[in-house]
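Chemist: One line per chain: the protein sequences are A and B, in this order.
All residue numbers for the first sequence refer to numbering that gives the first Met the number 0, where the first residue is 0 and numbers rise by one.
All residue numbers for the second sequence refer to numbering that gives the first Met the number 0, where the first residue is 0 and numbers rise by one.
No wet-lab data here; the hints were simulated from the structure.
A few of these clues could be false.
No distinction is drawn between identical chains; accordingly, a pair holds when it is met within one copy or between any pair of copies.
Restricting the straight-line Cα-Cα distance to at most 35 Å, the calculated cross-link-like pairs of lysine-lysine (DSBU-like) are [stated by the list, open to error]:
no.	residue 1	residue 2
1	Lys137	Lys334
2	Lys137	Lys245
3	Lys10	Lys449
4	Lys334	Lys245
5	Lys268	Lys245
6	Lys416	Lys76
7	Lys76	Lys268
8	Lys313	Lys10
Protein chains: 2
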Amino acid sequence: MTGTIAFQQPKAEILARRDAIIAELRALLPSDCIIHERRELVPFETDGFLAYTRVPLAVCLPETTRQVADILSYAYKNSIPVVPRGAGTSLSGGAIGQEDAIIIGLSRMNRILDIDLPDRTAIVQAGVTNIAISEAVKPEGFFYAPDPSSQLACTIGGNIGMNSGGAHCLKYGVTTNNLLGVKMVLVDGTVVELGGKALDAPGYDLLGLACGSEGQLGIITEATVRLLAVPEGARPVLFGFPSSEKAGACVTDIIAAGIIPVAIEFMDKPAIEICEAFAKAGYPLDAGALLIVEVEGSEAEMEAMLAAIVEIAKRHDVGTVRECQSATEAALIWKGRKSAFGATGRIADYICMDGTVPLSQLSYVLEKTSEITDRYGLRVANVFHAGDGNMHPLILYNINDPEDAARAEAAGAEILKLCVDAGGCLTGEHGVGIEKRDLMRHQYSEIDLKQQMAVRAAFDPDWILNPSKVFPLEGREDNA
Amino acid sequence: MTGTIAFQQPKAEILARRDAIIAELRALLPSDCIIHERRELVPFETDGFLAYTRVPLAVCLPETTRQVADILSYAYKNSIPVVPRGAGTSLSGGAIGQEDAIIIGLSRMNRILDIDLPDRTAIVQAGVTNIAISEAVKPEGFFYAPDPSSQLACTIGGNIGMNSGGAHCLKYGVTTNNLLGVKMVLVDGTVVELGGKALDAPGYDLLGLACGSEGQLGIITEATVRLLAVPEGARPVLFGFPSSEKAGACVTDIIAAGIIPVAIEFMDKPAIEICEAFAKAGYPLDAGALLIVEVEGSEAEMEAMLAAIVEIAKRHDVGTVRECQSATEAALIWKGRKSAFGATGRIADYICMDGTVPLSQLSYVLEKTSEITDRYGLRVANVFHAGDGNMHPLILYNINDPEDAARAEAAGAEILKLCVDAGGCLTGEHGVGIEKRDLMRHQYSEIDLKQQMAVRAAFDPDWILNPSKVFPLEGREDNA
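Generate coordinates for the entire structure from the input sequences, incorporating the hints supplied.
Modeler: Shown next as structure tokens:
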């Protein structure tokens, strides 16, 4: 293992009882729902968070909410940490379980339970993939809006845990804006239902609180999500700019003018080169930076919005402006963008930061990001959701060189601090997980963290649920 | 007083120390910021919640966050209940303070602190009126979206407390969807900042939790809100239907088709008559029910959307379809709708329920509502935000007749239970307050309520903040 982040010490008394715990789990679940052989546990050792890996005590793959409740009830009584896991694509370490932890994988709870078009809702189990929801309602002209780049793999349960976004969230909002209800198992095995098919609800917004809680308040087994109508038409347009600063300033001005396209995606020169080499999407290789702007609606509406955007882009010295001429071309443009992380992974190891900044700060933060990586002697590629200020600098390094890895982590931490100092925040959608846990002090005061932990304690006073994540280890009551 | 809802017993030890408490408050605040004479306290005795009134111990009108913190810190140490108050327009009793409570009125904290057009945000103090935000940015072509009918009077702090909606929230969402951050004073006087100018934030969504918390988690003194661009054009259209059932079914079908106008407002025959008599808006008096549908965008876009809506309306035997021809006419149409509550108040006393239902249940719930009020021998007028399923039956009665009042309350409770049983909830925007406190058991299980109170306790373990609201009195730890 390379990397400088400390893990919590596994509890010796649990490690000592490992075999007994596995036997006790067998009494709760069919035997094919429990994984405990070391070689079978290896696929669960990471979630794309650098080179950090941990092999958990066991993985349970329950098929019903009742089984999830039984496992939690057992773990609660025996003080065994529990880590929920969707597809393991968070990148932040949120789904890693340590040697003393039971991972609850939701992958077998992958049924769509109800599609209700008059109310424009779907009820799905937590292990359903993001894309499966849109595919199920596509024939009727509907879709589920949040679209993480990992949408082919990632699950709705994981999306809720991290409050995931995606390219099209500029117009439609992130997971929390498209979630109407959940069934959630509390730490002691109690099952609650938060929200429902009607908008809003009396009392506290526990649904909103659960969304983005990184599996620390309960384990979600079902979700009721909002469906939207597929627009009449949609068209991505490529804008090539001479520099990242100009492209960034153009984004700021588009949004400040009150124009909300469906998506504004940003790629700097290194990202263009990497993605074009992989996807052959026809990105302009002579540009210093690229925006993919998608507009949608009727023909007239798309044209009017595009005209306004082109006008603004001209003020920032846009070079190429290319409207795609066919559905195939549109699909290719998006393929290039959505495979950016995979394409980067082919040429180098990388860590991806996902700090978010106010739109007026885009150019400034991009410039400072280059300064930081230059100073560390590292390469960086920027490819991100510019319209909502969600940066994604990919810092390239060599995972087998401990010094290089330490430099990459240090540069990443500086970039996230830069985002916070510019009025933004540490993470837009990948979650705090382990990765940004110790940076939370840069964003929040001790008072803020104490208050967040008090809310956490209202759900899980004994720190059973995904315990070593989100909050700095130092100064935590469970770590005294 | 008429009405059947029980209030909590004021604490005798606080009543006995009344004069001392007022003297102690004087040490914290300038004397013109404290109201304690009985006749000056009377304007604060109600918030439009039936005929229920209570005269509080004192009203403080702080001018700074520091002063709010000083009052809370003092009240916390002395176990004195504190009730925050905006403009007192909730209708649910949420802002009533009992004889042992200090009301903190935010009306003097009414400055707009910052308008940031590039980031499309405004920072305002909690006592700023809802309409004042839109008015401040109107010259630049922006607005603040949530528009409660009381927007001339109600404050942003109150809007956040109740997570208020409004006619135009069908497209733009309610308060929680347009709120980016708050400054909030915790019960012990600690000041926290939740959220900020960037979208999302790491850690738990405490901002979402605070929104709609009815002043029980802290007192909000500043808010950062999202600004939107004023659309190119907007046009309300009147649709007259033969019956409420047909109008309700039309709403269901518009939404099920995936069409999202800016607003779909509903009026039944009694509401049409009341509003037309008051506003002379030109509503069709021969219709059994009326929809006001507002579309917006470019001319082409409005026409395309309207054509689709007219097509659906025809399937439900629409009679009148009237596009307004001028801005004056449009303003008049909205004046009629937005003055519905005031106009009703001119002809009778009323209570207004604000249950929310899934859209597929609109016609069913309207029909059952009539059956309930008929059974109680009461008149009802329905005027509400149909597009998001937020009902507003106004039950007419005579406030000076205790039996009539008890009947109205009983009918109201039955209607809210009907909404819950149809898959909806007790309140869309007015809040639980005192009014629906004892109905919370119909919506939530004991487990749900216990979990909500555990979260509340993470902020206010001693039930100092707005204590007699939201949760049923029976079975509460502070009431043991």
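Chemist: For a quick check of understanding: which of the numbered hints are violated here, in increasing order?
Modeler: Per hint list: 6, 7, 8 violated.
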